[in-house]
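Asker: Chains as they are written, first to last, in numbering that gives the first Met the number 0: chain A, 0 to 296; chain B, 0 to 296; chain C, 0 to 296; chain D, 0 to 296.
Wrong hints could be hidden among the right ones.
Which copy is meant is left open, because identical chains are indistinguishable; a pair holds if it fits in one copy or across any two.
Result set (BS3-like, lysine-lysine): computed pairs, CA atoms no more than 30 Å apart in a straight line [said to hold, decoys possible]: (1) 199 to 139; (2) 139 to 1; (3) 1 to 239; (4) 139 to 193; (5) 193 to 41; (6) 34 to 239; (7) 1 to 129; (8) 41 to 129; (9) 41 to 199; (10) 239 to 293; (11) 199 to 34; (12) 293 to 41; (13) 293 to 193.
Don't read these hints as lab results, they were simulated from the structure.
Protein chains: 4
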Amino acid sequence: MKIGFVGLGNMGLPMARHLLGAGHELAVYNRTQAKAEALGAKGARVARTPGEAARGAEVVFTMLADDHAVEEVIFGEQGLLAGLGAGGIHVSSSTISVALSERLAEAHARAGQGYVSAPVFGRPEAAEAKQLWVLVAGAKAEVERCRPLLEALGRGLSVLGEQAPAANVVKLSGNFLIASMIEALGEAFALTRKAGIEPKAFLELFQAVFARSPIFERYAALIAGGQYQPPGFAMRLGLKDMGLVLEAAGDAQVPMPLASLLRDNYLGGVARGLGELDWAGLGALAAERAGLDKPTP
Amino acid sequence: MKIGFVGLGNMGLPMARHLLGAGHELAVYNRTQAKAEALGAKGARVARTPGEAARGAEVVFTMLADDHAVEEVIFGEQGLLAGLGAGGIHVSSSTISVALSERLAEAHARAGQGYVSAPVFGRPEAAEAKQLWVLVAGAKAEVERCRPLLEALGRGLSVLGEQAPAANVVKLSGNFLIASMIEALGEAFALTRKAGIEPKAFLELFQAVFARSPIFERYAALIAGGQYQPPGFAMRLGLKDMGLVLEAAGDAQVPMPLASLLRDNYLGGVARGLGELDWAGLGALAAERAGLDKPTP
Amino acid sequence: MKIGFVGLGNMGLPMARHLLGAGHELAVYNRTQAKAEALGAKGARVARTPGEAARGAEVVFTMLADDHAVEEVIFGEQGLLAGLGAGGIHVSSSTISVALSERLAEAHARAGQGYVSAPVFGRPEAAEAKQLWVLVAGAKAEVERCRPLLEALGRGLSVLGEQAPAANVVKLSGNFLIASMIEALGEAFALTRKAGIEPKAFLELFQAVFARSPIFERYAALIAGGQYQPPGFAMRLGLKDMGLVLEAAGDAQVPMPLASLLRDNYLGGVARGLGELDWAGLGALAAERAGLDKPTP
Amino acid sequence: MKIGFVGLGNMGLPMARHLLGAGHELAVYNRTQAKAEALGAKGARVARTPGEAARGAEVVFTMLADDHAVEEVIFGEQGLLAGLGAGGIHVSSSTISVALSERLAEAHARAGQGYVSAPVFGRPEAAEAKQLWVLVAGAKAEVERCRPLLEALGRGLSVLGEQAPAANVVKLSGNFLIASMIEALGEAFALTRKAGIEPKAFLELFQAVFARSPIFERYAALIAGGQYQPPGFAMRLGLKDMGLVLEAAGDAQVPMPLASLLRDNYLGGVARGLGELDWAGLGALAAERAGLDKPTP
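Put together the whole structure using the sequences plus the hints.
Answerer: Below, the structure is given as structure tokens:
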């Protein structure tokens, strides 16, 4: 298939590489062009604008940092919306706001283009190892056309209906669950440490009794070890995502006091210069509040 | 071994039965004597007071509802403290406050008796199936003497040092982690439902991506199904335990805002007559706050 | 002076009337024209667009419901920005977001126009009685030019520097203080009622010991009487304002957990159909959580 | 009248002095006897035990630091309960838990003694200046007998019914309102400071628009000035009182999320060694969370 790919960061680059590896014809665009060249050397066409990457493509992916980056790439001059032909499909894999996802759905519909929302669970290592879990929502026919591409990216796929923004709500809800668990673990480690329990002992118990879940165990281990650097997913991104959760919750009229708590804590971390710690750093903040060690930026 | 067992509720009865089955000589006491008779028929001696169950025992277990019940059984006239001989060991498996555990440690020491704190993770079904996970803390020699008994009750054992109350902190921290996850799931289901996602679809995703943990999956399923009755563990017990968490946290000077949130929500549920719902009922409260269905007592 | 006035709601109408009464030449615009006619009968010129109200004016006021209404009036075709001549000053009295206030400052500066932010404290009765308290921020010369107009509207004026959006931060902070007190009073009345104290008795005490402040006493009386209708300021507006507070706080990196709590509570009220209760209705929610009476929409 | 007075701290000493000055016959007890001697020089009898201070008294006051101190003084050997004759009345002015107040009511009733709960609002300066506001609850006849004494202590009296512990609930609710306002002010000052508003300017506005209440203005001034030392009422006492509020609220089944927030913040302050700051120090914590200045112990 003829595919465009916009956004070659830690997540986008391995995703694009898998699509290339699956035999598709790929045009890639990245703001910092050097990253695009790497794929150029493997046979991708390097585009100089998002629009150029979209031109003639059946499907064009975007995998970008935030709402702002997506808006620029889509709506800017020489943007994807202008470049993609009628009938082309935009597959949006970034973690963006529900409101922007709704705007994209409308804009592409007006342009006679398709729009599929396909955010993913998994960190860069999972992207490398084709172990992402892909959420997907959008018009049935369009989802089906993209299905083989999405299956090439990960270990599983959840189809979430025909309203594209629903996939974004679910992605944000997932990040909310993870952050909740981080906060809970942070508070629990602070309490047990003050009772003289070695973090390692509580971690082993958690693994034995609770978890058997790679996600939760990973964060429990980070907190147990006080290892917040380098960040796998930075605190400032946690702040961004909890902001998106609360925005979606506000629009849907769903009070989420736990999400508010998480957002306030991430905001406090960022305000104090800790935005580049891993988002498991809620554990560091909980320890500090308890009079244990101070977090180091 | 000569063993006493006080408290034959949903948890205590199967635990006592396993000890009997392992060939030990058992004396049992329960406030409602009928339950004790059942074990009497299988060879246990039925005592008429806690003290009588303790008399002559090398080890005496207690498995009771709360601090109040434990205080009565231990310190009352004809209580366990008076009945247990010097050198006897009290194994306390109830979920009690850290402060009471400290008091027990002192009282038994003064009486020349041993005290081992051994709370467990697992519901009545797990107790039946010898699938409990046992936490244990106390003087090394005493823990070692009790180890075969504790191993007869479950699938695993975590030894948490020589300070008995530490095991209570860890047990409460575990319940705190579970309640945190329940609240997070409750809020996430409310948000995704309002976005038009079927609870079943979000549940499947949760199972696929996050959990692979029987504890979390169980609660996610209860919330997805809106099934809060009959309670496996009632909301009023959740309230009790979060109260104990906050008490321990206060004594240790550990601010736990998430635990405060959980306690307030359980308290609100109980205040409104929902105390007998399963503690997963935080999900019902989150749905109600969002203008979805009202909880039914 | 030649003045325009856009927005003749409960607040705007009496404000415009006072300006007219002070002898100024007034052009007025309101979306629902009937309200403008009332002032027309008293000598104001009735404009058919915001731009027309601004044309030729030295100063043009806006007093509108929210960000959205302000954006339409300012940036729309035949809007205020287009109609106001170079050198004209826009005085914005609406409670709007800090971000929009910043955008207005930039837009007017680009158009060679002045921008003064002048939100007010006080309900419609205070506006009628010239008892508003006016906050004002903006370039010194422009503030001075508007000062006599602003003094004609109320009983006092606080000048808050040359950065116009600062006045919006302060206005939002004031509403946040009021909502905080409402929540605190709501919880305190729920607690004392459950201890058998008559709300009237606690109210008298509050008046005697704490308050001597018309704002706080007013809300204490509403909660003591359970009088949430008709709304002086509706819960859905409380939700809006707490949203603006948190937005400003997020941009400034200030964690405000109390504001989060207030927003969640207002959101829950609105989600359940109580958006038209007075924002003192936090007291009704606190009572309900305590198992006292249910709020009635 | 023959009066005993136990507890001559910052509050108790001036209260006792006023009673002496009103012409009553006074016996005083204080753990640190030096303070009692000062009153001895003015004509009071210095007792060596609480029981001795109570012996032969018609009314005996207690004004002590916390539950623990009251329990010792009342129930200890040579305690007040043993020393006070039948028909004597204990007037308890300390800020204690509702649960202890209930216990006291029962114990005195069993001993044929009266019990009047009479906590006060006001700091030491107010006690000196006879400006306290006294809450009182208890059996009508007993309250009437004590009324002249209570009126000699302050500027006003609120009679709160015949259930003595109700006065304690109201006292705790009052402290909860103050702490709520402190937190709200703390967050508002942090937000406005980040917007470039001088604390002094926001303070003036608060005084002009909101307050006209000495209590709130005092705390606003402390926060505006960052003046948290010496403490008028220390953070660790704020923690104690918020703990008592939540305990009472738990027993009465009243969820108070704002009280939980306050308690967590005080607990965090104390855990980090700031327990001796004034309880207005919530303002210091809010500023720190926002990345402004760090609190200094």
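Asker: Against each hint, give a clear statement of whether it holds in the structure.
Answerer: Going down the list of hints, with the structure as the test:
{"no.": "1", "hint": "199 to 139", "result": "between (48 Å within a copy, 19 Å between copies)"}
{"no.": "2", "hint": "139 to 1", "result": "within (20 Å within a copy, 60 Å between copies)"}
{"no.": "3", "hint": "1 to 239", "result": "neither (33 Å within a copy, 46 Å between copies)"}
{"no.": "4", "hint": "139 to 193", "result": "between (54 Å within a copy, 21 Å between copies)"}
{"no.": "5", "hint": "193 to 41", "result": "neither (54 Å within a copy, 44 Å between copies)"}
{"no.": "6", "hint": "34 to 239", "result": "within (25 Å within a copy, 43 Å between copies)"}
{"no.": "7", "hint": "1 to 129", "result": "within (21 Å within a copy, 58 Å between copies)"}
{"no.": "8", "hint": "41 to 129", "result": "within (18 Å within a copy, 57 Å between copies)"}
{"no.": "9", "hint": "41 to 199", "result": "neither (45 Å within a copy, 42 Å between copies)"}
{"no.": "10", "hint": "239 to 293", "result": "both (24 Å within a copy, 25 Å between copies)"}
{"no.": "11", "hint": "199 to 34", "result": "neither (40 Å within a copy, 40 Å between copies)"}
{"no.": "12", "hint": "293 to 41", "result": "neither (47 Å within a copy, 53 Å between copies)"}
{"no.": "13", "hint": "293 to 193", "result": "both (15 Å within a copy, 24 Å between copies)"}
Against the hints set out earlier in the document, violations occur for numbers 3, 5, 9, 11 and 12.
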